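**Q** With the sequence shown counted from 1, adding 1 to any position gets you the working numbering.
No lab work stands behind these hints: they were computed from the structure. Treat the numbers as computed from the prediction; the structure is a model and nothing was measured. Just so it is clear, CB atoms sit at the ideal spot from N, CA and C, and this is done for glycine as well. Among the hints, erroneous ones may be present.
As the list claims (entries may be wrong) - Label pairs and their computed distance ranges (CB to CB):
no.: 1; residue 1: Arg25; residue 2: Ala83; range: 53 to 61 Å
no.: 2; residue 1: Ser40; residue 2: Asn71; range: 17 to 25 Å
no.: 3; residue 1: Tyr15; residue 2: Ala146; range: 33 to 41 Å
no.: 4; residue 1: Ser34; residue 2: Asp93; range: 41 to 49 Å
no.: 5; residue 1: Met2; residue 2: Ala73; range: 16 to 24 Å
no.: 6; residue 1: Asp35; residue 2: Arg70; range: 25 to 33 Å
no.: 7; residue 1: Glu103; residue 2: Gly17; range: 54 to 62 Å
no.: 8; residue 1: Ile78; residue 2: Thr131; range: 51 to 59 Å
no.: 9; residue 1: Leu85; residue 2: Ala120; range: 29 to 37 Å
no.: 10; residue 1: Lys112; residue 2: Arg84; range: 27 to 35 Å
no.: 11; residue 1: Asp35; residue 2: Asp91; range: 42 to 50 Å
no.: 12; residue 1: Lys3; residue 2: Ala72; range: 19 to 27 Å
no.: 13; residue 1: Glu127; residue 2: Asn95; range: 54 to 62 Å
no.: 14; residue 1: Asn71; residue 2: Glu122; range: 17 to 25 Å
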Amino acid sequence: MKITNTSQGPRGFYNGDALIMLERGETWEGELSDSDQASAKKAGYFGFGDHAAERASEGGTDDTDIHARNAALEAEIADLRARLAKLDQDGDGNPGGSNPAEPPSLTGKNKADLLAIAAAEGVTVEDGATNGQIVDAIEKKRAAA
Numbered sequence: 002m003k004i005t006n007t008s009q010g011p012r013g014f015y016n017g018d019a020l021i022m023l024e025r026g027e028t029w030e031g032e033l034s035d036s037d038q039a040s041a042k043k044a045g046y047f048g049f050g051d052h053a054a055e056r057a058s059e060g061g062t063d064d065t066d067i068h069a070r071n072a073a074l075e076a077e078i079a080d081l082r083a084r085l086a087k088l089d090q091d092g093d094g095n096p097g098g099s100n101p102a103e104p105p106s107l108t109g110k111n112k113a114d115l116l117a118i119a120a121a122e123g124v125t126v127e128d129g130a131t132n133g134q135i136v137d138a139i140e141k142k143r144a145a146a
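Please model the entire structure based on the sequences and the hints provided.
**A** What follows is the structure, given as C-alpha cells:
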C-alpha cells in the first residue's frame, strides 16, 4: 500500500507502535493493519494508492480523499448543530438559557416577590398597585406571549 502526505506540512501516522512521519508530498510504501489504515484515513492528511502519489508529485492532492473527508465533516457539523439546538432551552439560539421552562408561580407571593417577578418578565407596574393588580398585569403579559 502507498500512503502519501497530501497536507501542507509534515504529518505522521502509526504503523503498529512505530510513528511514520512524512514530509509534504512524501510517499511511504508498506503494509498497515486495518485499524492503522482507518486511523490514517480518518486524519484526512494522506492519500492512498498510486493516484495520490502522482497528484502529490504534481503539487496537487488526492481529490477523492479530500471530498470524502469534506462530506464526513459536513455530516458531523450538521449532527453537532442538531444536538446543540436541543440544548437551547430559551429559544435564543444559544445552549442553556436563563428562562425557566415554566414561569414562577404567582400564588402565595408577597408584594416584593411579585414586583421582582414583574420586573424580570418586563411588566411595568404602577406605583401603589395592589398584589391583585400586579398578578393581573403579569398574567396578561404571559397570555400575550
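**Q** Range first: 16 to 24 Å. Now tell me if the beta carbons of Met2 and Ala73 are that far apart.
**A** The hint (16 to 24 Å, Cβ to Cβ) holds, given that Met2 and Ala73 are roughly 21 Å apart.
**Q** Given the hint of 54 to 62 Å, is the C-beta distance from Glu103 to Gly17 inside that range or not?
**A** 57 Å, holds
**Q** Could you see if the CB distance from Ser40 to Asn71 stays within 17 to 25 Å?
**A** This hint holds: roughly 19 Å between Cβ atoms.
**Q** Asp35 and Asp91, beta-carbon distance inside 42 to 50 Å?
**A** 46 Å, holds
**Q** Does 54 to 62 Å hold as the CB distance between Glu127 and Asn95, or does it fail?
**A** 34 Å, violated
**Q** Should the hint that Lys3 and Ala72 are 19 to 27 Å apart at their CB atoms be regarded as holding?
**A** Given range 19 to 27 Å: holds, Cβ gap about 23 Å.
**Q** Lying within 25 to 33 Å: is that true of the beta-carbon distance Asp35 to Arg70?
**A** 19 Å, violated
**Q** With 41 to 49 Å as the target window, see if Ser34 and Asp93 comply at their CB atoms.
**A** Once the Cβ atoms are compared, 48 Å apart, the range 41 to 49 Å for Asp93 and Ser34 holds.
**Q** May I ask you to test the hint 51 to 59 Å on the CB atoms belonging to Ile78 and Thr131?
**A** 54 Å, holds
**Q** Note whether the CB distance of Arg25 and Ala83 lies within 53 to 61 Å or breaks it.
**A** 36 Å, violated
**Q** Given the hint of 17 to 25 Å, is the C-beta distance from Asn71 to Glu122 inside that range or not?
**A** 46 Å, violated
**Q** For the pair Leu85 and Ala120, does the Cβ-Cβ distance stay inside 29 to 37 Å?
**A** 31 Å, holds
Hint check: violations occur at hints 1, 3, 6, 10, 13, 14; the rest are consistent with the structure.
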